[in-house]
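Let chain F serve as the given structure and place chains D, Z and U on it in line with the hints.
Residue numbers (my numbering), protein chains in the order written: chain F, 1 to 365; chain D, 1 to 365; chain Z, 1 to 365; chain U, 1 to 365.
Treat the hints loosely; a few may be bogus.
The list treats identical chains as interchangeable, and a pair is accepted whether it falls inside one copy or across any two copies.
[Unchecked claim] Keeping only pairs whose Cα atoms sit at most 20 Å apart, straight-line, the calculated SDA-like set for lysine to any residue is:
#, residue 1, residue 2
1, Lys100, Ile193
2, Lys201, Ser62
3, Lys197, Val261
4, Lys161, Asp253
5, Lys75, Ser35
6, Lys170, Thr215
7, Lys75, Glu61
8, Lys75, Ala22
9, Lys161, Met257
10, Lys75, Asp96
11, Lys75, Tyr195
12, Lys197, Pro270
13, Lys60, Pro86
14, Lys324, Ala308
15, Lys197, Asn258
16, Lys324, Gly116
If you're looking for bench data, these hints aren't it; they were derived computationally from the structure.
There are 4 protein chains.
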Amino acid sequence: MAGNIFGTIFRVTTFGESHGVAIGCVVDGCPSGISFDLPFIQSELDRRKPGQSAIVTQRKESDTVQVLSGVFEGKTTGMPIALLIPNEDQRSSDYDHIAKAFRPSHADFTYQAKYGIRDYRGGGRSSARETAARVAAGAIAKMLLLTRGIHVQAYVSQVGKLCLTLPYQKLNLALAEQNDVRCPDPEMADQMIDYIKSVRKAGDTIGGVVSAVVTGCPAGLGEPVFDRLHADLGKAMLSINAAKGFEYGSGFDGVTMNGSVHNDHWEMGPEGPRTTTNYSGGIQGGISNGMDIYFRVAFKPVATIVSAQPSLDADLQPVEITGKGRHDPCVVPRAVPIVEAMTALVLADHLLRAAAGNWKAASSE
Amino acid sequence: MAGNIFGTIFRVTTFGESHGVAIGCVVDGCPSGISFDLPFIQSELDRRKPGQSAIVTQRKESDTVQVLSGVFEGKTTGMPIALLIPNEDQRSSDYDHIAKAFRPSHADFTYQAKYGIRDYRGGGRSSARETAARVAAGAIAKMLLLTRGIHVQAYVSQVGKLCLTLPYQKLNLALAEQNDVRCPDPEMADQMIDYIKSVRKAGDTIGGVVSAVVTGCPAGLGEPVFDRLHADLGKAMLSINAAKGFEYGSGFDGVTMNGSVHNDHWEMGPEGPRTTTNYSGGIQGGISNGMDIYFRVAFKPVATIVSAQPSLDADLQPVEITGKGRHDPCVVPRAVPIVEAMTALVLADHLLRAAAGNWKAASSE
Amino acid sequence: MAGNIFGTIFRVTTFGESHGVAIGCVVDGCPSGISFDLPFIQSELDRRKPGQSAIVTQRKESDTVQVLSGVFEGKTTGMPIALLIPNEDQRSSDYDHIAKAFRPSHADFTYQAKYGIRDYRGGGRSSARETAARVAAGAIAKMLLLTRGIHVQAYVSQVGKLCLTLPYQKLNLALAEQNDVRCPDPEMADQMIDYIKSVRKAGDTIGGVVSAVVTGCPAGLGEPVFDRLHADLGKAMLSINAAKGFEYGSGFDGVTMNGSVHNDHWEMGPEGPRTTTNYSGGIQGGISNGMDIYFRVAFKPVATIVSAQPSLDADLQPVEITGKGRHDPCVVPRAVPIVEAMTALVLADHLLRAAAGNWKAASSE
Amino acid sequence: MAGNIFGTIFRVTTFGESHGVAIGCVVDGCPSGISFDLPFIQSELDRRKPGQSAIVTQRKESDTVQVLSGVFEGKTTGMPIALLIPNEDQRSSDYDHIAKAFRPSHADFTYQAKYGIRDYRGGGRSSARETAARVAAGAIAKMLLLTRGIHVQAYVSQVGKLCLTLPYQKLNLALAEQNDVRCPDPEMADQMIDYIKSVRKAGDTIGGVVSAVVTGCPAGLGEPVFDRLHADLGKAMLSINAAKGFEYGSGFDGVTMNGSVHNDHWEMGPEGPRTTTNYSGGIQGGISNGMDIYFRVAFKPVATIVSAQPSLDADLQPVEITGKGRHDPCVVPRAVPIVEAMTALVLADHLLRAAAGNWKAASSE
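Just chain F, with the same shape it has in the complex (with noise of 0.2 Å):
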C-alpha cells in the first residue's frame, strides 16, 4: 500500500514530480458550504515557493494554483477538490550526473532499492517541490478550521545553534512573516539569515527548528488509542522532507521534570475550565483539553552541498559527486508553510472525525 493518501475523513491524495508536468492534490472529504477563498490558497504558496528571497533556492517557479472541480459559485460543494500546480522552471539537465549514482543522504539509493526505477530528475518525486501541493491542501483545511476560529502558526525557532530561549507566550508571533527567515524576534531573525548567507557562501548548508502553536483548539480532538492528536500531528511532521524528530508540550524537557512540578493544574478561568500551567501542550491523553496546542520539529542540514562527496553509482562502484541544482542552504524558512499546512490537515481531520463520533451531532443532524 503506497502513502499518498493523508487522512482519514479529510483526505488529501498529492501527485507529482519536481521535473514533470505538474503537481497537485485531491481533497476528498471537505464539507460543502465552506466559503473558498482561492486567493488565499495562492498566498499560502507564495509563502513557500522558491526564489522569494536571497537565504532560498533560486529555482524561479510563480507556483500559479489552479482549480479543476469541487467549487460552485464560490462554495466547496462536497465533491473531490482537485488542485494543479504546472512545474515551469525545470533544468533536467542539472541532474544528468545522478541519473545513475546516488547522492549523499539524498533518497535516489533508496527509491532505486524500492521501486527498481526513479525519475531522478530533480529528486523526482522525493523533492521538496511536493510539498507545494500540501500547502494547497492545507490552506483549503485552514479555512475549515477558521470557521470555527482555530489558528495555526509556525515559525522559526532555531537555525544551527541560534535558537530562541523565550517561550512563544512571550514573542510577537505576528512578526514572524516580516523576515525573510520567519523568526518572530528581528534581532535573531537578522543573526540568523546573515549565518545563513554565510554557510551558504561556503557551500555548505545546515539544520533548524520549526515551532507551532495552534490557538482557539476546542477541547475533544483526537482518538486514542493509537491516533492520539499529538500523535496525527507527529506523523504529519515527520513525513515533511527533512523531519528528524518531533516533540509537543514539555517534550524532550520533560524527561528530566518530576511530577509534582510537571503537572498541569485545573482552574476555573474567565472563559472556562484552564490548566495553570501547560507542560500537556493542550493535549492530554491524546486529546485536546482546550489550551494551546505546540511542538517542535527538528529538520537537518540540506543534504545537497557544493563540495564533492564520495558514493556510490548505480553498479556500486565509487564515485565522486558534487551538489548541482539550485537548492536551499537552509529548509526551515520554507518550512514554515508547510508545518502549518500538515498542522491544519491533521486538525481539519480531527475535527470531522470528533463530528462522526459525536452521538449527539449524529442525532440532530
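Structure of chains D, Z and U alone, referenced to chain F:
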C-alpha cells in the same frame, strides 16, 4: 472515526479497560504458516507486567494470555488472531475519589469532554494497562520479523538527568534485560534504580527516555510521501501513554550540524552497500536503506503523585486530589517492551506493504 | 490486506472459527452515551442460533454473548466494544474426512490454495458460524439506528420456486417471525416449511431469497461516487455466506422498463417530499432519498448434501465425499437476522459518515 | 468520510464534474516497472466516449487523456499516476431549468438534501461523465492484469426484454466490439440497435444488462470474511451510475436449484484441478478458485426522457420538467468498458492484496 485500530495490512485492534473483564487484541492480516510461539508472547507480556520489580507498580496481574482464534496445529492460518488477557487484581474502590473529579495531567478531563462519560476506574481505557494488548500483538509481529532476521531492541537510556552518553554501538545491549531498569550500562542502571527509589520515596515521579535499535532491516521499507517509515514509527511511539517526543538518527542534535558533516557517504562493505556514518538513522527519503534504524522516545513523569494537588470536579468546582491506587514512579522500565512491540508492529506492516507493492513478488505469486 | 474488518467509522472486526475456543467481534467507533441493551443482543443471536427449529441445523449452541469492554453503567463509552461467544458443541471428528479432501462448492480448496493451511474442523473460519459475531455487532448498530427511528426488517420471500408475489407493502411483516421459515405469509410459510422438510428428507438442499426493508431512513445517507449506499449494502449482503446476488428497488426487473414508467415523480406528502412510486428503492445517485429502502438477496443451496460426490483430495487424487456434520437444508430462515445485521452495520456507518461530512454538525459540535 | 477513493492497495481517486474544467483520477499503489501504454488508455476511453455511434448521446468529447505524473521513460515508477481529461463540449445552459428543480429519478434531490449545494450543470458530479476517469484508471489496472494473463471482457446481454439465452461459453465474445450495442450475437445486436432507436424516437429510454467474464484469474484472490472477491466486485458494479443489481455464477437462478445439482465437482484437468460445472462463478468462499469468473449487472432505464414529468422545485412547489441536454437512450453499450474497468480495478487490488498476504512472497522479497 475512533482510533483503536493500528496498521494498514498487519492490522491490530485493541480493546479493554483497566478494571473491566479483560483486555485483548485482534490481529488481522498476519500471514499464514508462521510458527506460533505462545510462550514467547507470554514472556513478552511478563516483561511489561506490573509487580515485576521494586521500581514498578505493585498491582498484581499475571497477564496470562489466551489464544481464541487464528492458530491451527501450531501455525498461523491467515485468519484473525484474537488474544485475551483477563484482568485479575482490580481495586476499583481506589478510584472512587476521581469518579467526579479530574486528576491533573491525566486524561480524566479530556475523556469527559469528548465522550460525556468515562469508566474512571483505574483510568479505564486511558490506562497504560491497554498496552499489554499491544505487547501481545507486537510479539506476533516479532515472530514475523524474526523469520526475516529483523531484530528490535529497546532500552532505557535516560531517567531524569541520568543519561547514557555512549551511542548504542558502544553498549552491550544484551545487558539491558539483566537489571530492573533495563539500562544496558550496569553502573548507570544502579544509579537509575536508586534514583527512582528516592523519587518514589518522596512521593514523586520522574520522566525518562527509551532508545531503540532495529538491526537486519532490509532496504525498501517505508511508503513516501506520507507513510515514511520514520513517520509511522514516530506515530507509533507517540501513541504510547506518556510519550512526549520522538527523534530518529541525528534527531534534534542534527539541527546544529552542517550538511558536509551530516551527510552519510555510500561505500561498498563486505555485505554490500553501506554508509560510512549513519546520521540518517537507517532511513532516507522515508525508506529504510539497510543500515541500523535507531530512535529515541521521551516519556514525561507519571502524573499520579502522592501529594495533594488542586483541580476541578465535574461541576467545575475547585477540589483537592491526592493520588491513590498503585502506580509507577517512572514509566520507562516497563515502556521498553512497549516500544519494541510498537516498533515491531510498524515494521511488520511495512514489510507486508512492501510485498504488496513489489511487482516481482506479485508476478511470481 | 486481510478482510475481517467491516465499515469505515462504525468498524467491526470479527474473529473465530467454527470449532475454536470462541467467536466474537470488536466494534470500534460506536458513539458514547447509547443505552446498551444486552438482552436485545442475545435475542438477536437467538434468532440466528442453530437448533432453534426443525428446519435448521441441529448443532446445539446457546450462543451466549459476553461483553468484555466498552460499556459502563449501562451505556456505551465510545471505547471499543468487545463481544465474546464461546463455542460449546463442537464435534470435530465429524470433519476428519475432509482434513485432506476438498468438499464440492465449499471453501476447502480455495482456503488451501490461498493460505496453504486451513482449520478444516466445521469449515473453520469459512463456516457460517462466523456470522453470529456479525449479528451481535449488528444488534449494537440497531441500537444506534433505533434512536433515530430507523428500522430494519428482513424476511424470507422465496424458497426454491416458492416465491411471494406480493410486494412488501402488501405484506404484514410482523408475521415473519411467527413461523420457522420467517415468511410473512402464513400459508406460504407452511408450504416452504413442508418443502424444506422434503428436501432434507431427500438428503438434499435448496436455495432461497431474503428480502429486506428499511423504514425511517432520512435522506442524505450514502457517499458517491464509490461508496453509494446501495453499493455498500450490496457488498455487505454479498459478504454473507452463500449469497449469490443482490438487487435493490426495481432491480433486475427494472431492466425491461421504460424510463417513462420507471421514473419516480416527486410530490409533497403530509410529511414532506416523497415520490409517487419507488422503483428507486429509496436511493438515488447513491444517496438515500427518505423513502423506504428495499432489496433482495439470493442464496444458493447449501453445499453439504448427504449423497456421495466425486472430488479431489489434497494430493489432487480423485476421492468420493459424503456430507457429514450437522447442517441446514436451506439457509434463508437463519439468514434473515444476518441480513438485518449487515444492513444495520451499513446504515450505522453511513449515519456517522454523514455526520462527519455535515458541516453544520461540525460547526455546532 | 466521502467516497471518492476506491480500493485498498491499488487505490483510485476520481475527481471532476460534468461541466467543470476537467475530470481525472489519481492512481496510488500501482507497482513500478510496468510498461505504460498511453494509446491503450486512450483506446479504452474511446470505447466509452460520447458521440461514438447513433445509439448514444451526441455530446462531443474527444476525452483526450493527459498523464501528469508517475511515469518515467515509458514505465510506471510506483509513484501516483495522475490522469487528466479536459471537458470540451459543455452546454451548461441546457441545464438552467434544473438549477432549482429536481429531475425525477436523478440525483438532484438527494445531492441537494445531503450537501445543501450542487453543481447542477449536466448533473455535476453525479453525471456518468465521471466514469471516464474510472475507465482511464481501469486501463492501468488492465495493464497490470495482462502481465499475469488475466483478461476481462464485458458485453451487452440484454436490452429491455431482448435477452441473449446462450451462456458466455457458447458466444464468440470477440464479436461484441464489432457492433454499436456491444452484443456478441450479431443478429441480436441488430435487434437491440433497432429497438434502442425506436425507444429514442419515442422520447423514452430502456434498461439493460451487461455481462462480464474474467479468464486467467489464478486461485487465491479474495479476502474473507468481508472482502470476498464477489462482494468487492458487486460493490464495484453497483457503484456505476444506473446499476440496480448484481449476480455472479448461478446468481438468482441458483435459488431454485438443489445442492445436488448446484455443487461443482472437482476433477483433474490437463492444466490442473478444475470443476466439472461452474455454478460457483469461479469464486468459492469468497476466493477465486481458478475457474472463469462471470457475473451480470442490471442497469435501469436512463432517467432523462423527453416528455414532461411532474416534480418539485427547490421550494418544494410542484413543477413540470421536460428532459433537455444530450443523453443516452440506453446506458449499456457505453457501460461495457466501465464494467470492465471496475472489474479490473477490483482484480488489480486483490492481486496486490494477495501478494501482501502471501508469506512466501514476503519472505523472498
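Now for the hints, and whether the structure bears them out:
1. Lys100 <-> Ile193: neither (35 Å within a copy, 53 Å between copies)
2. Lys201 <-> Ser62: For Lys201 and Ser62, the Cα distance exceeds 20 Å both inside one copy (26 Å) and across copies (53 Å).
3. Lys197 <-> Val261: between (41 Å within a copy, 18 Å between copies)
4. Lys161 <-> Asp253: Both: 17 Å inside a copy, 10 Å across copies.
5. Lys75 <-> Ser35: Answer is within; shortest intra-copy Cα gap is 5 Å, inter-copy 39 Å.
6. Lys170 <-> Thr215: Close inside one copy (15 Å), not across copies (44 Å); limit 20 Å.
7. Lys75 <-> Glu61: So Lys75 and Glu61 fail the 20 Å test inside a copy (28 Å) and across (27 Å) alike.
8. Lys75 <-> Ala22: between (25 Å within a copy, 18 Å between copies)
9. Lys161 <-> Met257: Between copies only: 9 Å across, 24 Å inside.
10. Lys75 <-> Asp96: Answer is between; shortest inter-copy Cα gap is 19 Å, intra-copy 45 Å.
11. Lys75 <-> Tyr195: neither (45 Å within a copy, 44 Å between copies)
12. Lys197 <-> Pro270: neither (47 Å within a copy, 41 Å between copies)
13. Lys60 <-> Pro86: within (12 Å within a copy, 27 Å between copies)
14. Lys324 <-> Ala308: within (10 Å within a copy, 62 Å between copies)
15. Lys197 <-> Asn258: Between. Shortest inter-copy distance 13 Å satisfies the 20 Å Cα cut-off; intra-copy 42 Å does not.
16. Lys324 <-> Gly116: For Lys324 and Gly116, the Cα distance exceeds 20 Å both inside one copy (24 Å) and across copies (52 Å).
Hints 1, 2, 7, 11, 12 and 16, counting from the list given before, are not met by this structure.
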